[in-house]
Amino acid sequence: MFPALTGPREALTHALRVRLLCVNPVAFAAAFVRSFTGAKDERPPPFDASLLRVLVCPLSKKALRYDAQTNELINDELGIAYPVVHGIPNMIPQDARLIQKEVDAQ
Amino acid sequence: MAVSMRLLVRRLIRLSHRNVAVSRAAVLSRSHCHWEPLFCRSFSDDRNTHFGFETVSEEDKAKRVYKVFENVAQKYDIMNDAMSLGIHRLWKDMLLHAMHPQPGAQLLDVAGGTGDIAFRFLDYVRTQQEQKRRREARSMQLQSWQEISNSYPTIDEGGRQESRAVVCDINKEMLKVGKEKADGKGISAGLSWVVGDAEELPFDDDQFDIYTIAFGIRNVTRIDQALQEALRVLKPGGRFMCLEFSKVTNPVLARIYDAYSFQLIPVLGEVIAGDWKSYQYLVESIRRFPDQEEFKYMIEDAGFYCVQYFNLTGGVVALHSGFKL
Numbered sequence: 000m001f002p003a004l005t006g007p008r009e010a011l012t013h014a015l016r017v018r019l020l021c022v023n024p025v026a027f028a029a030a031f032v033r034s035f036t037g038a039k040d041e042r043p044p045p046f047d048a049s050l051l052r053v054l055v056c057p058l059s060k061k062a063l064r065y066d067a068q069t070n071e072l073i074n075d076e077l078g079i080a081y082p083v084v085h086g087i088p089n090m091i092p093q094d095a096r097l098i099q100k101e102v103d104a105q
Numbered sequence: 000m001a002v003s004m005r006l007l008v009r010r011l012i013r014l015s016h017r018n019v020a021v022s023r024a025a026v027l028s029r030s031h032c033h034w035e036p037l038f039c040r041s042f043s044d045d046r047n048t049h050f051g052f053e054t055v056s057e058e059d060k061a062k063r064v065y066k067v068f069e070n071v072a073q074k075y076d077i078m079n080d081a082m083s084l085g086i087h088r089l090w091k092d093m094l095l096h097a098m099h100p101q102p103g104a105q106l107l108d109v110a111g112g113t114g115d116i117a118f119r120f121l122d123y124v125r126t127q128q129e130q131k132r133r134r135e136a137r138s139m140q141l142q143s144w145q146e147i148s149n150s151y152p153t154i155d156e157g158g159r160q161e162s163r164a165v166v167c168d169i170n171k172e173m174l175k176v177g178k179e180k181a182d183g184k185g186i187s188a189g190l191s192w193v194v195g196d197a198e199e200l201p202f203d204d205d206q207f208d209i210y211t212i213a214f215g216i217r218n219v220t221r222i223d224q225a226l227q228e229a230l231r232v233l234k235p236g237g238r239f240m241c242l243e244f245s246k247v248t249n250p251v252l253a254r255i256y257d258a259y260s261f262q263l264i265p266v267l268g269e270v271i272a273g274d275w276k277s278y279q280y281l282v283e284s285i286r287r288f289p290d291q292e293e294f295k296y297m298i299e300d301a302g303f304y305c306v307q308y309f310n311l312t313g314g315v316v317a318l319h320s321g322f323k324l
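Note that the protein sequences, when read in sequence, are chains A and B.
Following numbering that gives the first Met the number 0, the numbering of the first sequence begins with 0 at its first residue and continues without gaps.
Following numbering that gives the first Met the number 0, the numbering of the second sequence begins with 0 at its first residue and continues without gaps.
You may find that some hints are simply not true.
Calculated pairs, BS3-like style, for lysine-lysine (alpha carbon to alpha carbon, straight line, at most 27 Å) [said to hold, decoys possible]:
id	chain 1	residue 1	chain 2	residue 2
1	A	LYS60	B	LYS276
2	B	LYS246	B	LYS175
3	B	LYS276	A	LYS61
4	A	LYS60	B	LYS62
5	B	LYS234	A	LYS60
6	B	LYS171	A	LYS60
7	B	LYS178	B	LYS62
8	B	LYS171	A	LYS61
Just so you know, the hints here were simulated from the structure itself, not pulled from any lab data.
It should be emphasised that the depicted structure is a prediction, and the values quoted were computed from it without experimental measurement.
If we strip away everything but chain A, and leave its shape as in the complex, we get (with noise of 0.2 Å):
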């Protein structure tokens, strides 16, 4: 914790290592633990299963399949595809994504 400061570059490093933990904790411990779970920034928070229980498409009332790969919810009979952000599903059939149209298009 105090190191025997020797010289002004031993005086200038400690003191550097306490400002960042003294006035940087946080930023700190985050930068710690990011470094252990690698490069996972951008972790998606996983789709609760148990909500396609109750989920329908909200036009035809009919029941949903879950695609994991595209983290959809997709309506097979009328080719629509519902995106999942953030683990929250999105039924609003505006934001919906047509399926069918995207293979004509191919």
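For chain A, the structure is supplied; the task is to place chain B on it using the hints.
Just chain B now, with coordinates in the frame of chain A:
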């Protein structure tokens, strides 16, 4: 008889969407120099509705309401505390007490945004369950060891469904704030978040025991559609509960409330949230919302039974309740 005729005529006026706020605007413009120009839509095929004291087309209203709540989302809870002097917490607590949810109840909180009702619901159910467990443990201490060992399987039985709250809101920002709050509190079990439209709910029929909408229904473009959707997703025997600002019954209190709403709240909005217009919309939309009796008729029209309302804080807020039978 005369009273019911008057109410019937008022309903007809409301149904034809005539703009009655013009006279009110003229009265209030004396005290207020800050008014938006009235929108004129002479060529629109779609119907007009109100956005505060303005007249706008229905699709415009949805977009503008979305923008309002997108702007205020971060400071929403702070502003609620400042504007209502913390009383909004009491209103929401009273809603929960009136609701008195049983363990295993399924709640749908529409326009739930930051999740206040859902958190309170989960707290209430968990506290009740703990109290029940404590009572059972206390009663078990007087039994013989054989009776206790026989009752072990019944304690661990998880056949009964866990209570669960689904928060649905059309605005992604509000839900984001709510989810962050939940993560901060460490609540994740039994709580779900969905972006959805109250007029077109993404839920199947007969799913929920309780449907609540707290301070959200006046922002919905077509209230009757939202009420019909509420009826659809509720189980038979399910309860519809709505907290909303309403007409103050006492004339003296009404004067004070008006002055407070129009003079102080937009100023608070500007100071705390940096947004005068959104809070101007807020107080205007409260004035445009139908009063307690009219809203009760609207709920009955949608098909609910045993509709009743309770005035809170002298009519500043009304709690409407109806059952799907």
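Each hint, compared with the structure:
Between LYS60 of chain A and LYS276 of chain B, the direct Cα distance comes to roughly 37 Å. Violation of the 27 Å bound is thereby established for this hinted pair. Restraint check: the Cα-Cα separation between LYS246 of chain B and LYS175 of chain B comes to about 32 Å, which exceeds 27 Å; the hinted pair is violated. This hinted pair does not check out: LYS276 of chain B and LYS61 of chain A have alpha carbons roughly 40 Å apart, beyond 27 Å. For the given pair, LYS60 of chain A sits about 24 Å from LYS62 of chain B by alpha-carbon distance, which is consistent with the 27 Å threshold.
For a cut-off of 27 Å, the pair hint linking LYS234 of chain B to LYS60 of chain A stands: about 16 Å separates their Cα positions. For the hint pairing LYS171 of chain B with LYS60 of chain A, the CA-to-CA distance comes to about 22 Å; that is within 27 Å, so the pair holds. Straight-line distance between C-alpha atoms of LYS178 of chain B and LYS62 of chain B comes to about 23 Å, which keeps the hinted pair within the 27 Å bound. In summary, the hint linking LYS171 of chain B to LYS61 of chain A is supported, as the alpha carbons are separated by about 23 Å, within the 27 Å threshold.
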